[in-house]
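Colleague: Using the sequences and the hints, build the whole thing.
Sequential numbering of the sequence shown, starting at 348, is according to the working numbering.
In short, the hints are calculated from the structure, not lab data.
There's no promise every hint is true.
Derived DEER-like restraints, expressed as beta-carbon distance ranges [claimed, not checked]:
(1) D367 - G387: 35 to 43 Å
(2) A357 - T383: 16 to 24 Å
(3) G416 - G356: 16 to 24 Å
Note that CB positions come from ideal geometry on N, CA and C, so glycine has one too.
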Amino acid sequence: MSVLFFDIGATLADVTFEDDGSLTFRPRPRVVEVLTALAGVRKGVISNPGAGDAARERARAALDAAFAGQFTAPDRQCGG
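Modeller: Below, the structure is given as structure tokens:
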């Protein structure tokens, strides 16, 4: 089974760090179209969201908000 891995920053999205510690990902040009075209291929993210479970959860929430439905494996992890 093929798996494609992506990094978030400057690859999938531009990242903004909010004052409350949350993240906002703005998808880079054509990324959503490419991910949609690869709908049948398993995809993952390799990135460093920061230390701890809270940082991983903030990254996961931002990923879900920016790329709804693209990274849906129940066992996926946001971590480096």
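Colleague: Does each hint hold? Answer for all of them.
Modeller: Results for each hint:
no.: 1; hint: D367 - G387: 35 to 43 Å; result: holds (37 Å)
no.: 2; hint: A357 - T383: 16 to 24 Å; result: holds (20 Å)
no.: 3; hint: G416 - G356: 16 to 24 Å; result: holds (21 Å)
The structure meets every hint from the earlier list without exception.
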